[in-house]
Amino acid sequence: MAAMARRKISNRGRVIAAGLCLGATGILAGLMAATDDTGNASAGTSSRITDPASQPASGSSGASSYDGSFDADGDGRVGDPGDFSGVDGRRPDGSSSSGSSSNGNGQQPTFPQPVTRSGGS
Amino acid sequence: MASHSWWYVARAGGLVAWGLVVASCVWGLLHATRALGRRPTPAWMLSTHRYLGALAVVFTGVHVLGLVADSYVHFGITEVLLPLASSWHPVAVAWGIVAMWLLVAVEGTSLARQHLPQHIWRGIHLLSYPILALTTVHMLSSGTDARSLVPETVAVALGVVAVFGAAVLLVWRSAPKTRAESGTPGPPAPPGTPAPLVTNG
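Those protein sequence lines, which keep their order, are chains A and B. The numbering of the first sequence is our numbering, which starts it at 1 and goes up by one. The numbering of the second sequence is our numbering, which starts it at 122 and goes up by one.
The following block holds chain A by itself, in its conformation from the complex (with noise of 0.2 Å):
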């Protein structure tokens, strides 16, 4: 009999290979779905690159490093009329920071798009 098991791969064998083969495919998708990045990854787990330009200008008090910097008016909001005043009152461009939002040509000012990191180190 034992000579017949040396013949063949064993049922034994058979079994552990399989055994194996799925031991590792389901280590990799457990690792895949654990440090996958294309899916449902958290904020806190990814790193990422944001643009506060792309993120909602009302409600993100607190939201980003950003928001002491350029919501200068402290009123929660990024990029609005009052930001960007300096504390002679004027804006990088020169015009008043108080009254319309206008630069004085009818058009909205343009500002640097300030590019942060968060959510990861």
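Note that these hints are calculated values from the structure, not bench results. A couple of the hints might just be wrong.
Facing chain B, from chain A, some residues (calculated, C-beta under 8 Å) [stated by the list, open to error]: (1) ARG7; (2) ILE9; (3) ARG14; (4) ALA17; (5) GLY19; (6) ALA24; (7) THR25; (8) LEU28; (9) MET32; (10) ALA33; (11) ASP36.
Which bits of chain B does chain A cover? Going by a derived footprint, with three or more residues having C-beta under 8 Å, they are [said to hold, decoys possible]: (12) 135-148; (13) 159-165; (14) 174-188.
Just so it is clear, CB atoms sit at the ideal spot from N, CA and C, and this is done for glycine as well.
Got chain A; can you put chain B on it based on the hints?
Chain B alone, transformed into the frame defined by chain A:
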């Protein structure tokens, strides 16, 4: 996790299927060249080689079924069965589809070997080398995990081993064939010379 489960199963099954194809080819080379000597026995080597090939087919099926069942990357029956039918990396996916059909041909002719002429079975069985190459190209070009799990250097090394093994196999097989074609039995082989190949693998 639940929404992408089949996507992970498909990717993992594909990687395992590729590993089984590599293992089956290596096992077949070891069996044909008798590089391991008489232990393990040729019959055990052949049995294991065939079982690894069967497992490769099964896990290729897992790979394909996972892709069809998945809703993350939309693959239908047509896209997984016909080359260049998919819109997602069509050429890279086509390599895998061609390799899959060749694998089915090799496995099918091995199962029906008793009913096939030897030269036909052997010619189809030699498609195992293109299968190994195509699956490796498919994995490296379309696989989303290949570059992180299997560096390209490993794939190149496997290709070198496969080509070298095939060359050794051809040289090894040519020696007993030359003696047989001479019409007279050759002198007794000196100790240590590998025995003539059993062409049942």
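- Query: Should the hint that GLY19(A) touches chain B count as held when the rule is a Cβ pair under 8 Å?
  - Reply: 11 Å, violated
- For the hint on ARG14(A), does the least C-beta distance to chain B fall short of 8 Å? With a minimum Cβ separation of about 6 Å from chain B (threshold 8 Å), the hint on ARG14(A) holds.
- Query: Quick check: the stretch 174-188 of chain B, covered by chain A? Criterion 3+ residues, Cβ under 8 Å.
  - Reply: Coverage by chain A holds here, the residue count being 3 at a Cβ distance below 8 Å.
- Item | chain B contact restraint on ALA17(A) - CB to CB distance below 8 Å | Hint holds; ALA17(A) Cβ to chain B Cβ min 7 Å, cut 8 Å.
- Message: Using the nearest Cβ pair, does ARG7(A) come within less than 8 Å of chain B?
- Response: 4 Å, holds
- Query: Is the hint on LEU28(A) kept, meaning its closest Cβ partner in chain B is under 8 Å away?
  - Reply: 4 Å, holds
- Taking the least C-beta to C-beta distance, is ILE9(A) closer than 8 Å to chain B? With a closest approach of 5 Å, the ILE9(A) hint holds.
- Message: Hint validation: ALA33(A) versus chain B, beta carbon distance must be below 8 Å. Holds or violated?
- Response: 5 Å, holds
- Query: Okay, the stretch 135-148 of chain B and chain A, do three or more residues pass the C-beta test at under 8 Å?
  - Reply: Three-residue rule met by the stretch 135-148 of chain B, so holds; n is 4.
- Query: Counting residues of the stretch 159-165 of chain B with a beta carbon closer than 8 Å to any beta carbon of chain A, are there 3 or more?
  - Reply: holds (count 4)
- Item | Proposed interface contact between MET32(A) and chain B, which counts if any beta carbon pair is under 8 Å | The hint holds - MET32(A) has a Cβ within 8 Å of chain B, the shortest such distance being about 5 Å.
- Against chain B, is ASP36(A) within 8 Å by beta-carbon distance? 7 Å, holds
Checked against the numbered hints above, the structure breaks only hint 5 and satisfies the rest.
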